[in-house]
Amino acid sequence: MGYKILIVDDSNIVRKVLMKSLRLAGLDVERILEAENGQSALDLLLNEQVDLIFLDINMPVMNGMEFMERLRKDPGNVATPVIVISTEGSRERKDTLFEREIRAYLRKPVTPEILNETVLHVLGGIEQ
Amino acid sequence: MRAFEDAFAKVISLALEDWGMMLVEAGENPAASFSACEYLYFGWTEFHGVTNGKVTVLCDGKFADILCRNVLGVDEDEVMLESDLRDAVRELTNVISGNLLTETYGEDVVFDLMYPQVGAVAAKDIESFLAQRFTYYCLADGKPLAVGFSRVEE
Ligand SMILES: [Mg+2]
Chain R
1 MGYKILIVDD SNIVRKVLMK SLRLAGLDVE RILEAENGQS ALDLLLNEQV
51 DLIFLDINMP VMNGMEFMER LRKDPGNVAT PVIVISTEGS RERKDTLFER
101 EIRAYLRKPV TPEILNETVL HVLGGIEQ
Chain P
129 MRAFEDAFAK VISLALEDWG MMLVEAGENP AASFSACEYL YFGWTEFHGV
179 TNGKVTVLCD GKFADILCRN VLGVDEDEVM LESDLRDAVR ELTNVISGNL
229 LTETYGEDVV FDLMYPQVGA VAAKDIESFL AQRFTYYCLA DGKPLAVGFS
279 RVEE
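Chains R and P supply the protein sequences, listed in that same order.
Numbering (our numbering) for the first sequence: 1 to 128.
Numbering (our numbering) for the second sequence: 129 to 282.
These are computed hints drawn from the structure, not numbers from a lab.
Note that this is a predicted model, so its numbers are computed, not measured.
Check before you lean on any hint, since a few could be wrong.
Stated by the list, open to error - List time: in silico DSS-like cross-link candidates among lysine-lysine, alpha-carbon distance up to 30 angstroms: (1) 252(P) x 16(R); (2) 20(R) x 271(P); (3) 182(P) x 16(R); (4) 4(R) x 20(R); (5) 73(R) x 94(R).
Between the sequences and the hints, there should be enough to build the whole structure, so can you do that?
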């Protein structure tokens, strides 16, 4: 069984590039799911259990900060690994995200090398 | 002023060279360059915090096409979707504004960055866009790009 990964970002091209990088990284990926905002992601997670979530912060409808707060209140997702990829640069916001136990924070724009390194590091610690 | 120029240059290089894989160089006479463009995109976002304001991005349609192709790794003979071009300009506005605020005000200041919007701009509005106090102009792969930063009280 490969990994099931969810990408949450309003930008279609950012999602496409991330998907491509993940497939090229040589990971055993079973499925990649997409959501264009926090609310659609929460809706999707009602019926799906994923191994890893990539999360943008600046999105319409529901942003990444609110998504994280709600995600951790869901008993099925208290520990789901999340990697935040955002332009958000303030320490306070980052601290809040780490308090909600995100695994990594990457600042946009992200190079494929840094992305691969981070994904391998995060998934390396997950039992399949 | 110098600090602002440096912040702009650093962020533009990050967004266009690292992300967009474009060659950035200094440009002259932005009004004439933009007037010669067939189609222009205009991206903008508002920020709220210790100070309130707006970050605006004006670019050539051809620029948006190159940026989008480079980011997606799409060949030149493939036609790009209009929605993807707008998406590229929106994400560029997002990357520039977020990084510009952090570069300028530091990591200890929190801003609420609004969701960026993208539209077309009329040729007659170019002059007033370029007349903003903090405007950075350059060429990326030979195509014009201008970034404006304005605070509400200014
Ligand atoms: Mg976004």
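Hint by hint, here is what the structure shows:
no.: 1; hint: 252(P) x 16(R); in the structure: violated, 36 angstroms
no.: 2; hint: 20(R) x 271(P); in the structure: holds, 27 angstroms
no.: 3; hint: 182(P) x 16(R); in the structure: holds, 28 angstroms
no.: 4; hint: 4(R) x 20(R); in the structure: holds, 15 angstroms
no.: 5; hint: 73(R) x 94(R); in the structure: holds, 19 angstroms
Consistency note: the structure conflicts with earlier hint 1 alone.
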